Structure formats: structure tokens, C-alpha cells
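Student: Work out the full structure: start from the sequences and follow the hints.
Note that the sequence shown covers residues 172 to 729 in the numbering used here.
Hints in this document: simulated from the structure, not taken from any laboratory.
A couple of the hints might just be wrong.
As the list claims (entries may be wrong) - DSSO-like mimics (lysine-lysine), calculated; alpha carbons at most 27 Å apart, straight line:
1. 407 / 368
2. 580 / 551
3. 259 / 201
4. 551 / 593
5. 475 / 486
6. 486 / 545
7. 475 / 580
8. 536 / 580
Just so it is clear, the structure is predicted and the values come from calculations on it, not from any experiment.
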Amino acid sequence: MLPLLEFKQAITNDIALSNWNRSTDICQWKGVRCNPKNRGRVTALNLAGQDLSGTISVSVGNLTFLRTLNLSNNRFSGQIPPLNSLQKLRVLDLSTNSLEGNIPDTITNCSSLRFLWLYDNSLVGSIPPNIGQLSYLSDFDLSSNSLTGTIPPTLRNITGLNLINLNSNQLSGGIPSFLFNLSSLKILDLGTNTLGKTLPSNMGDRLVRLQFLSLAGNQIEGRIPSSLGNASELQKIDLSLNGFSGPIPASLGNLQGLTTLGLSSNSFSGTVGEWLGNLENLRSLHLQDNNFTGPIPSSVGNLKQLLSLSLAKNKFEGPIPSNLGNLQQLADLDFSYNELQGNIPDDVFTLPRLRTCVLSYNNFKSPIPLDFSKLQQLSKLSLSSNALTGYIPDSIGECEMLETIDMDKNFLTGNIPVSFSKLNSLNTLNLSHNNLSGSIPIILTELQYLHQLDISFNHFDGAVPGNGVFANATAVSLEGNWGLCGGAIVLHMPPCPTNSKRVDRQYYLIKILIPIFGFMSLALLVYFLLLEKTSARRSQHCRYLLMTSNFLMLLIKI
Numbered sequence: 172m173l174p175l176l177e178f179k180q181a182i183t184n185d186i187a188l189s190n191w192n193r194s195t196d197i198c199q200w201k202g203v204r205c206n207p208k209n210r211g212r213v214t215a216l217n218l219a220g221q222d223l224s225g226t227i228s229v230s231v232g233n234l235t236f237l238r239t240l241n242l243s244n245n246r247f248s249g250q251i252p253p254l255n256s257l258q259k260l261r262v263l264d265l266s267t268n269s270l271e272g273n274i275p276d277t278i279t280n281c282s283s284l285r286f287l288w289l290y291d292n293s294l295v296g297s298i299p300p301n302i303g304q305l306s307y308l309s310d311f312d313l314s315s316n317s318l319t320g321t322i323p324p325t326l327r328n329i330t331g332l333n334l335i336n337l338n339s340n341q342l343s344g345g346i347p348s349f350l351f352n353l354s355s356l357k358i359l360d361l362g363t364n365t366l367g368k369t370l371p372s373n374m375g376d377r378l379v380r381l382q383f384l385s386l387a388g389n390q391i392e393g394r395i396p397s398s399l400g401n402a403s404e405l406q407k408i409d410l411s412l413n414g415f416s417g418p419i420p421a422s423l424g425n426l427q428g429l430t431t432l433g434l435s436s437n438s439f440s441g442t443v444g445e446w447l448g449n450l451e452n453l454r455s456l457h458l459q460d461n462n463f464t465g466p467i468p469s470s471v472g473n474l475k476q477l478l479s480l481s482l483a484k485n486k487f488e489g490p491i492p493s494n495l496g497n498l499q500q501l502a503d504l505d506f507s508y509n510e511l512q513g514n515i516p517d518d519v520f521t522l523p524r525l526r527t528c529v530l531s532y533n534n535f536k537s538p539i540p541l542d543f544s545k546l547q548q549l550s551k552l553s554l555s556s557n558a559l560t561g562y563i564p565d566s567i568g569e570c571e572m573l574e575t576i577d578m579d580k581n582f583l584t585g586n587i588p589v590s591f592s593k594l595n596s597l598n599t600l601n602l603s604h605n606n607l608s609g610s611i612p613i614i615l616t617e618l619q620y621l622h623q624l625d626i627s628f629n630h631f632d633g634a635v636p637g638n639g640v641f642a643n644a645t646a647v648s649l650e651g652n653w654g655l656c657g658g659a660i661v662l663h664m665p666p667c668p669t670n671s672k673r674v675d676r677q678y679y680l681i682k683i684l685i686p687i688f689g690f691m692s693l694a695l696l697v698y699f700l701l702l703e704k705t706s707a708r709r710s711q712h713c714r715y716l717l718m719t720s721n722f723l724m725l726l727i728k729i
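Tutor: Here you go:
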């Protein structure tokens, strides 16, 4: 009881421990579990997510029968206390706190440890060099700290490791080759460090159980070893944000259980082979920000489970594969910043789950497909910087979830569709640098979430609306439309011309007198043709008709 009371005293916010007192059986205390055969021996202390703050008392180290210590998801600060007496401890979870300082070397005396979770703290220094003494360790997670130094070579002694997660630290010195000999590994996450160097050629030969591999953000160079295709249980690969070069090995096509392939932001080159179509369980494919060339492989149409597809910022060329419409689960599509050509296939706009469609900065030369009726989930449409022609389809108004439309730098003509009035979620609209014309639809003022509007460098004319987005000079861009006038003062547009009294009077007289004159002229003409016979009378009536006409013109000029 005394070690736990001392533990409570070190906590500054102990509301959750209100029943920790001498009048209550210790085995009834919140988060405390005792040995059922010996009620005096505490075997587990689980206070996860209790909003506890303060420090972790060294008295915890006196609970020598403790098997589980879980203080995760609290606000503990200070250092990890020495726990060298806890030789029965199997689970140590201090994750998601604000713990500081080094990981104590004495932790290696907890010789029964199976799960060591210290992630999401502010720990510094190196990983204890004798960590390999924890020979029963299964899960080893020190991610999201500020650890430095190298991965200790003694880690090779823990042959039963299932999980190694050292993500988001400052580790360096390369990836030890022995890690790829740990045949029991299921998860290896070393991402976001500065480990550098290259990968061993046989890295995939022994990883027979590996399911998750992340080496992202480590400045690794060289090629992906083709042996990685031998790790047949792999489901997720993330090698992005490195310096990998060369082509993707075709052996990755053997990984038919793969659901995620992330090779974004490297220096990969060459073409992407048709082997890609073998990965029929793939849900996420990110190859953006590389130097891939050639066409998009037509076999991409086989990836019917795909949810996210990004090939942006490469040098892909040729058309979009016509079978892209097979990807009926696709939610996010980004082919921007390539050299793609031809038409945008109608099938792209029949994908019912599509949320983002980014095809900007290519060489598409065609009208925009007319039918948007199936894109009920679409929130972002970017077709900027192509050579698209024709009208903006009216059916785009049926995409009522749209928040962003970018169609600038094309050759679009016609008006802004009135159907835009249905786009109640629209936040950003960029139609600049096209050949659009006509007046600005007043309905744009009714879109309450529209905060960025750019229709500059078109051929719009007429009065600029004065409210809604048009009342904010920083939210709207209208330059390059020489026929626009009026609007809010903050836009500094030229005033619209106003009619003078003379013009008003002329307009009024024309509106009133022309029907009268027309009737009188018609009556005289009938009279002249039917009743008058002599040429003298014809001349007299013609003179009368001319006088009437002159009189009308005089009134108009007044």
C-alpha cells in the first residue's frame, strides 16, 4: 500500500484516484489489480487515460510483483524512474505523456518484458546499448521522441521481435543489416530519422512474416533491392521522402497482398511496368514527385480496390488509360504536373466515390466531359493549365459537395453556368486566363462560403455585383476584364455609364411615339392606296406623310 500512496502523492491532479485511501481495500483501488491467491501483491497498475499529471514516483519500482504498468495517455512529466527491481514486469506502457530525459539503462533489468511502449514523449539521448538483454521482447516502440545515436547492435539478440517502431526520432548511422534477418518481424517502422546509406541487396530474403515496412524520410540512396519482392506477406510499403533512384523492381508485382505502396518524393526514373496490375488488393498508390517517364500502364485498370492514386510531378506522357473507369472505389486522383495528352476520358467523371480530381498542368486538349451527374462526392476539381476548350458544363452544378474549382489557364469559352447557384459549399473558384464572356452571374453573391474568386483575364462585361464575395477586395480578382464596371468601392473599378435626361427623354419619346407613328403611317398608306386616284392628291398625302415623319424626328431630337 505504501508505494502506491507515495505514487499518489507525486501526482498533482489525482481526482481519478479518489478511492485510493486506507479505508478501502487496496485491491479495490481504481486501476489496481492484485494476485487472486495473494491479495497483498499488486500485479497490475493500469491508469491509462485518467488525465493524471505530475511525476512518476520512484516508489513504483518497489512493486516487485508488478506484471503490467500502464500509465499511457496522461500528462506525466519528468524522468522515467529506475525500474530495475521489476523483474516480473511484462508490459511497460508510458506512451503519450510528456516524459523527458534519457531512457534509464536499468530498464534492461526488467528481464521479463514483452511489450515496451515509450512512444510519444520527449525522451532524449540514445537507446540503451544493452537493450538486447530483454530477450523476451516482442513489441518495441520508442517512436515520436527525440532520441539520437544509432540502432544498438545488441537488438539482434531479440530473435522474437514482432514490432520495431523507432519512427520520428533523430537516429543516424544507417540501417543495420541484422534487422532484415529478424524473421519474426511483422512491423518495421524506422521512418523520419536520418539513417541514410543504402539497403542490403538481400533485405527481403528473411522477412517472411513482415507485413508493414516504413523507411520514409531517411535520406536513403541507391535502388530498391529486388529481393524485397520475396517478403511475400507485405501489406504496406512506405519508402517515400528518400533519395532512391533507378526503376521500381518488377519483383514488387509478386506482393499480391500489398494494400499500400508509397514511393513518393524520390529520384525514381524509367517506366512503370505492367506488373503494377498484379497488385489487385492495392488501395493506396503514391508515386508522386519522381522522374517516371512513359505512359501510365494500362494495367492500372486492374486495381479495382484502389482508393487513392497519385502520379503527380513526374514526366508521364500519353493519354489517361481508357479503363480508368474500372476503379469504382477511387476517392482521390492526382495526375497533375505531368505531360499527359489527349482527351480527358468521360469515364473519369463516372467514378461515384471520387472526392478529389486533380488533372492540372498537363497537355489535355479537349472539351471538359459534359456529364458530372455521378460525382456526388466531389469536393475538389482542378483542371488548371491545360488546353481545354469549349463551355463549362452546366451539369457541374450537380456536384453540390464541391469546395474548390480550378479551371484557370485554359481556352474555355461561354458564360459562367447559372447552375453554379447549387454549389453551396464552394469556397474557391478560379476561372482566370480563359476566354469566358458575358456578365457576372448575380448568383455568385449568394454562395456564402465563397471566399476566393478569380475570374481575371477573360472577356466579362457589365456591372460587378456589390455584395457577397465582391465586397472583399482581397477575396476577388477581376483585372483584365475591360468591360467590367461598378461594384464595391474597394474594388476600384471604373463607374458604369449613366443615361442623361436627354437620353432618357429620347428613350421615352421613342417608346411612346413610334407605335403611334407606325399606326398613323399604316392608316395613311391604306387610305392612299384605296381611296385616292389623282396624282395631285397622291403628292399632297405623301408630303403630309413626310411632314409627320419629320415632326417625330424633331421631337426625338429635343
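Student: Between residue 259 and residue 201, is the straight-line Cα distance small enough, at 27 Å or below?
Tutor: holds (22 Å)
Student: Keeping to a limit of 27 Å between CA atoms, is the pair of residue 475 and residue 486 held or broken?
Tutor: Roughly 24 Å between the alpha carbons, so the hint for residue 475 and residue 486 holds.
Student: For the pair we were handed, residue 407 and residue 368, check the Cα-Cα distance against 27 Å.
Tutor: Roughly 22 Å between the alpha carbons, so the hint for residue 407 and residue 368 holds.
Student: So if I understand the rule, the pair passes when the alpha-carbon distance is 27 Å or less; does residue 580 with residue 551 pass?
Tutor: Answer holds: residue 580 to residue 551 is near 17 Å, not above 27 Å.
Student: Quick one, are residue 551 and residue 593 close enough, alpha carbons at most 27 Å?
Tutor: holds (15 Å)
Student: For the pair supplied as a hint, residue 475 and residue 580, is the alpha-carbon distance within the 27 Å limit?
Tutor: violated (33 Å)
Student: Straight-line Cα separation of residue 536 and residue 580 no greater than 27 Å?
Tutor: With a Cα-Cα distance of about 12 Å, the restraint between residue 536 and residue 580 holds, given a limit of 27 Å.
Student: Just to be careful, I want the Cα atoms of residue 486 and residue 545 compared with a cutoff of 27 Å; is the pair within it?
Tutor: Judged against 27 Å, a Cα distance of about 30 Å means the pair is violated.
Hints 6, 7 from the list above are not met by this structure, while the remaining hints are.
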